[in-house]
Amino acid sequence: MPPVRPGGGGCTCSMWARVTGPRWPLRVAATSYGCCRDRPDPPPSPHAPKETVMTSPSPSHPVAPTLLCVPHAAGVARAFTGLGQALGPHARTVALELPGHGTRMREPVRDDFAGVLEDLVRATGAHTARPYVLLGHSMGAAFAYELARHWSALGRPPRAVLLVGRNGPTARSLLPDLHGLPDDAFLDGVRRLGGTPPQLFDHPELVALFTPVLRADFTLSETYAPLPGPPLGCPLWVSAGTDDPMVDDAGLRDWENHADGDVHVEWLPGGHFLLDDPAFQGYVAGVLRRLPQPVV
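Residue numbers for the sequence shown follow UniProt numbering, so the first one is 1 and each next one is one higher.
Where hints are given, some of them may not hold.
What the hints assert, rightly or not - Label pairs and their calculated CB-CB ranges:
no.	residue 1	residue 2	range
1	227	172	18 to 26 angstroms
2	203	180	20 to 28 angstroms
3	182	233	23 to 31 angstroms
4	250	228	21 to 29 angstroms
5	197	233	28 to 36 angstroms
6	227	248	20 to 28 angstroms
7	174	269	34 to 42 angstroms
8	182	266	37 to 45 angstroms
9	181	248	17 to 25 angstroms
10	243	122	30 to 38 angstroms
11	121	89	36 to 44 angstroms
12	174	293	15 to 23 angstroms
13	188	290	36 to 44 angstroms
These are computed hints drawn from the structure, not numbers from a lab. Quick reminder that beta carbons are idealized off the backbone N, C-alpha and C, glycines included.
All chains, please: the whole structure from these sequences, using the hints.
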């Protein structure tokens, strides 16, 4: 399908700030949407940042890996801010921004998996020359897995891949697909899943802005199937919240069918959206500490 442009018009920055509260300050909204009346609205740029560097390792950790993070459906790079802060100097945390999201909001969103993967390959290439780890949350787990396969085939594998809140590719789906439903039914399904501020649905301008983004991402997530090629050889660390309705133990174990290396499965307290939970952040820090130090 061709790229889809988010709908809506007018200045949504201040409205988004009011609806979502301090977690999404006005400055972030203005950066994301480019619609604030206090500054001009430049045309879409091919040079929009495709990543956000959250933290850098200190000189006392010269071999700290780069942690490349891929967000969930409709997620933005800033969703990993808390994780980056929690990891501190022990990893260089880099969150990737998808087309049409966050700081790249002026670009068209895409609902073709191969096209988004190609975009992520371009964004991650420079980071694969030194030790790195991939982390993907929900929809992002599918992209993290395929990124790892891509770079492994080129002789630049990650030291590990962390897959969060997503069943394996050939596991049965626990929830009905939403991406093909009419708008009203689609948005009702999104609302019931949680993770979206409920106040958003009371504002038609915001609904018009985000519906194409949500639908494109749900299309990516719900239609994903593993690309041709061998299973992944590097270690997989699979985790999910015990209250996450989108996963089950058999589904998490399904990742073992798509890996030639070790697969570690861990259940953590919490639901689907656990990036800011201390237990999850401690889990990620623990995984990074357990990785063998690279030879430098």
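| Checked against the structure, which of the hints given earlier come out wrong? | 3, 5, 7, 11 and 12
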